[in-house]
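The hints should help you fit chain B onto chain A, whose structure is shown.
There are 2 protein chains.
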Amino acid sequence: MKQTILCLDMEWVLTPEIWEEVSKNTGIQELMLTTKDIADYDELMNYRKVHLDKNWLTLDKIQKVIWTIDLLPWSLDFIHWAQERMQVIILSDTFIEFAKPLLKKMWNPTIFCHNLIIENNKIVDYKLRIKDQKTHAVRKFKELNFKTIAAWDSFNDTGMLNEADFWFFFKPGKKATDAFPSIEIANDYEELKKLIERSL
Amino acid sequence: MKQTILCLDMEWVLTPEIWEEVSKNTGIQELMLTTKDIADYDELMNYRKVHLDKNWLTLDKIQKVIWTIDLLPWSLDFIHWAQERMQVIILSDTFIEFAKPLLKKMWNPTIFCHNLIIENNKIVDYKLRIKDQKTHAVRKFKELNFKTIAAWDSFNDTGMLNEADFWFFFKPGKKATDAFPSIEIANDYEELKKLIERSL
Chain A
91 MKQTILCLDM
101 EWVLTPEIWE
111 EVSKNTGIQE
121 LMLTTKDIAD
131 YDELMNYRKV
141 HLDKNWLTLD
151 KIQKVIWTID
161 LLPWSLDFIH
171 WAQERMQVII
181 LSDTFIEFAK
191 PLLKKMWNPT
201 IFCHNLIIEN
211 NKIVDYKLRI
221 KDQKTHAVRK
231 FKELNFKTIA
241 AWDSFNDTGM
251 LNEADFWFFF
261 KPGKKATDAF
271 PSIEIANDYE
281 ELKKLIERSL
Chain B
91 MKQTILCLDM
101 EWVLTPEIWE
111 EVSKNTGIQE
121 LMLTTKDIAD
131 YDELMNYRKV
141 HLDKNWLTLD
151 KIQKVIWTID
161 LLPWSLDFIH
171 WAQERMQVII
181 LSDTFIEFAK
191 PLLKKMWNPT
201 IFCHNLIIEN
211 NKIVDYKLRI
221 KDQKTHAVRK
231 FKELNFKTIA
241 AWDSFNDTGM
251 LNEADFWFFF
261 KPGKKATDAF
271 PSIEIANDYE
281 ELKKLIERSL
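One line per chain: the protein sequences are A and B, in this order.
In terms of this note's numbering, the first sequence opens at residue 91 and continues consecutively.
In terms of this note's numbering, the second sequence opens at residue 91 and continues consecutively.
The shape of chain A in the complex, shown without the other chains (with noise of 0.2 angstroms):
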């Protein structure tokens, strides 16, 4: 009779990856670049703040963008659905700057994400909040009496996947199961309902 805390990545379980649909939006060819290309994310960063100078993206313009992002099918029923059941906890190393309006269609649920630094409408930098904020999040909700359930498209967050009590892929790329084939998978949200349902 634990009670549940879900923690769930924001960026393709419930949204488009932001900077792919920034990229997208305005045509600049180099946002869609991800840790997949260049590994060192603070070097990615740097690459994107120099392409984002390079076409005077400013922070409202960006978040202009943000707001055109609709979330994916079904995935506020999906929450929705979660948040009745349990608690839910987005991890995500995304920037609450970019996440706003994202959050906001999904009615405000509690994000522990990190910080872009700003000057005069243009990101500067980035501050995490802490490393490893994932891992430290679902050590502390295990701290504090809860059940922990994640669900990912990646093993990116390694840490954080192998501390939670149960972690399922959702729509994954065959990277990820080929790394992982004992977890198993969701490919939609009423597969991933089922999975969590069983592990309440």
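Do not take every clue at face value.
Note that identical chains are pooled: a pair holds if it fits in a single copy or bridges any two copies.
[As the list claims (entries may be wrong)] Using 16 angstroms as the maximum straight-line C-alpha spacing, the simulated EDC-like pairs for lysine to aspartate or glutamate come out as follows:
hint	residue 1	residue 2
1	K92	E187
2	K264	E274
3	K194	D167
4	K92	D215
For the record, the hints were derived by calculation from the structure and aren't laboratory data.
Then chain B, alone, in the frame of chain A:
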């Protein structure tokens, strides 16, 4: 530029006191008693159980009563205001089985609370998730590098309140303000918003 978690009590701050409303609605006077009358919580809960049994008041009947309880006026508006500016987590010593109908009216914000033990629809016991959960929760939020702000009506939760970076009284009684004369007081949500804004 630290991100903030606003910790709120549920009863009195956002909703009426549940046991009091159940007492009024069912006419069972004995359910009006609180820890002010029977200081030992375990003793109080045993007393309540005796009178629930005596009156055949099962969980589903209590939940039906709770469904009829309105949120405090403007509390939903206040929650939305707060959720757009920071993370909001309700820290309450209520039971999730009681809180659910009220949470639904608040669009299911995150809550950390306790459990009832139910057998055949009858409340047979309760289970604290962990002892002194509020203090522990605030401490963990701080360890995750959040600023913590708490708004409370009383000073029972001294452990938690001392742990928070900022705390305020919300519509406190005289006993509370006498005990903590230096703590700032909000008499309504507009005043509370101002105190919170100043602490961000």
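Evaluation of the provided hints:
1. K92 to E187: Intra 34 angstroms, inter 13 angstroms, cutoff 16 angstroms: inter-copy only.
2. K264 to E274: Classified as within: same-chain Cα gap 13 angstroms, cross-chain 56 angstroms, threshold 16 angstroms.
3. K194 to D167: Both. Shortest intra-copy (14 angstroms) and inter-copy (14 angstroms) distances satisfy the 16 angstroms Cα cut-off.
4. K92 to D215: between (40 angstroms within a copy, 15 angstroms between copies)
Comparing the model with each earlier hint shows no violations; every hint is respected.
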